[in-house]
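> Line order of the protein sequences matches chains A and B.
If you read the first sequence in numbering that gives the first Met the number 0, its first letter stands for residue 0, the second for the next number, and so on.
If you read the second sequence in numbering that gives the first Met the number 0, its first letter stands for residue 0, the second for the next number, and so on.
Treat each hint with caution, since some may be false.
What the hints assert, rightly or not - Computed footprint of chain B on chain A; a stretch qualifies when at least three of its residues, placed anywhere within it, have a C-beta under 8 Å from a C-beta of chain B:
(1) 94-105
(2) 135-141
(3) 144-157
(4) 211-221
Claimed, not checked - Okay, the calculated beta carbon distance ranges per label pair:
(5) P94(A) / R218(B): 13 to 21 Å
(6) Q153(B) / A133(A): 43 to 51 Å
(7) T85(B) / L90(A): 36 to 44 Å
No lab work stands behind these hints: they were computed from the structure.
All values derive from a computational prediction rather than experimental measurement.
Here a beta-carbon is modelled for each residue, glycine too, at the ideal position from N, C-alpha and C.
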Amino acid sequence: MIRGAALAALGGVTIGVALLLLDRSSDSPPVTRPSLVAAVPADDPLAPAPAPGLSIPAPRLLANGEAVSVWAPLRASAVVRAAPSSNASALGTLPARTPEGTTNIALVTGNGVDRQALWVPVRAAGLTGWISRAALGGYQTVDTLLEVDTRAFTATLHRAGRVVFSAPVGVGTVDAPTPTGDFFVRNVLTRYSSAAYGPIAFGTSARSETLTDWPAGGFVGIHGTDRPDLLPGRVSHGCIRLRNIDILALARLMPVGTPVTIT
Amino acid sequence: MDTYFEQFDRDGALRETEAALPAETRRDLLLGALAGGTALALFASEPASAATKGDVAILNYALVLEYLQSSFYTEAERRKALRTATAKQTARVLGSVERAHVAALEQALGSAAVKRPFFDFRGTTENEDAFIRTGVAFEDLGAAAYKGQAHRIQSKALLQAAISIHSVEARHAAWIRYLAGTTPASSAFDEPKTMAQVNRLVASTGFIVRRPTTRSRRRPRFTG
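Go ahead and model the full structure; you've got the sequences and the hints to work with.
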């Protein structure tokens with residue numbers, strides 16, 4: 000039965016093509032055809048369609064277990080709570096701006112919870128808890144991770160799980176140690192005039208545990224230096240210092256929102 | 000708001016997000032994007048006369064829409080908030096196809112490709128009902144937008160490619176309409192949409208926002 004239908008269809012196509020060819024060779028007056036015949040190229044009605052002008056690749060699904068981190072800017076100052084509820088205890092307030100005047104951001108550490116309103120778990124400067132989704136702007140993703148080893152004095156940047164950068168660093172002294180833990184890059188400072196910080200400085204969510212009265216909150220940066228001769232070693236007040244050539248290379252690879260793990 | 004968006008915005012989710020825009024008004028966003036030279040400039044620069052700006056401009060216009068769709072589905076899959084297996088599969092498959100469209104357009108445009116805008120989907124990727132409603136609106140819009148540019152494309156080869164994408168967008172529209180419990184294809188003829196119409200609809204969602212300021216020239220005051 001299927002074979003019969005196929006043959007019938009093939010026969011129909013053959014007859015159609017024959018009628019079309021017959022029509023082309025006919026001396027009869029042209030017939031106004033409203034649609035398909037009029038739409039094909041006049042020079043060759045049977046010409047195939049042109050090749051598409053774009054090369055569209057095969058769709059690729061997201062990899063299972065892809066290593067991306069999510070961050071979001073704060074729309075306004077917001078309260079971080081201990082649980083996903085407006086009745087949960089307040090852990091602190093995140094300001095909308097950083098001391099450097101940039102938009103404050105939070106690392107989104109998990110999936111949201113919808114309890115009348117949507118809440119998402121975040122990690123921010125000094126605070127880990129839940130924040131109303133309405134307080135955050137659009138999600139951004141990064142596939143980078145910076146690891147700083149304060150014993151080996153190295154900084155290593157991973158992208159999509161592969162090492163793309165490594166350099167020697169200076170870290171905090173025994174009296175002003177670089178804090179260890181999980182943090183993230185929250186801004187980039189450039190074109191300032193301060194040789195001590197080198198050409199570029201990244202602001203992080205890490206805070207010195209000893210320099211609590213430091214101006215602008217005692218946040219730890221990742222920056223260049225005018226004393227490369229001191230690297231690597233325990234030479235800073237907690238910041239992570241790189242040679243200027245290394246911080247410039249890192250700046251080309253490390254976007255804002257990159258998680259920073261300091262051990 | 001357009002009938003496409005009204006029809007699937009029964010709870011007023013899109014209207015709410017529109018109304019919930021903070022100090023940044025939609026007009027400000029448009030002007031800001033223009034000043035910054037971002038992709039939204041393509042939408043906003045569509046003149047009333049609809050004069051042809053060339054195939055590159057049309058490809059970039061398509062690229063912005065594909066950025067919007069691909070970012071939406073990708074975020075929905077990553078946020079893992081969709082409840083049903085069908086909705087999860089929709090985000091996963093449609094996201095992969097829209098990313099392929101983005102890759103094709105970026106490759107064709109090379110250095111002429113516009114930058115990916117900054118999106119804020121305002122929770123619609125984290126709520127299944129809002130996800131489906133927004134997906135219907137996006138796919139209907141995508142199909143109508145491609146159709147609206149077909150007559151302006153000069154290159155037959157690019158027209159062929161655009162038609163290839165357009166029919167896929169129409170399939171997506173039928174798919175997600177079915178998921179929404181709506182007749183997948185109830186009209187005998189679909190209406191095209193101009194760039195200006197598409198621009199207004201996209202702006203009305205508030206999903207394209209200013210890039211947050213994460214760079215500064217201030218002198219560092221880190222611990223040093």
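> Each hint needs a verdict: does it hold in this structure or not?
These are the hints, each one checked on the structure:
1. 94-105: holds (count 6)
2. 135-141: holds (count 5)
3. 144-157: violated (count 0)
4. 211-221: Coverage by chain B holds for the segment 211-221 of chain A (7 residues, Cβ < 8 Å).
5. P94(A) / R218(B): 13 to 21 Å: holds (20 Å)
6. Q153(B) / A133(A): 43 to 51 Å: holds (46 Å)
7. T85(B) / L90(A): 36 to 44 Å: holds (38 Å)
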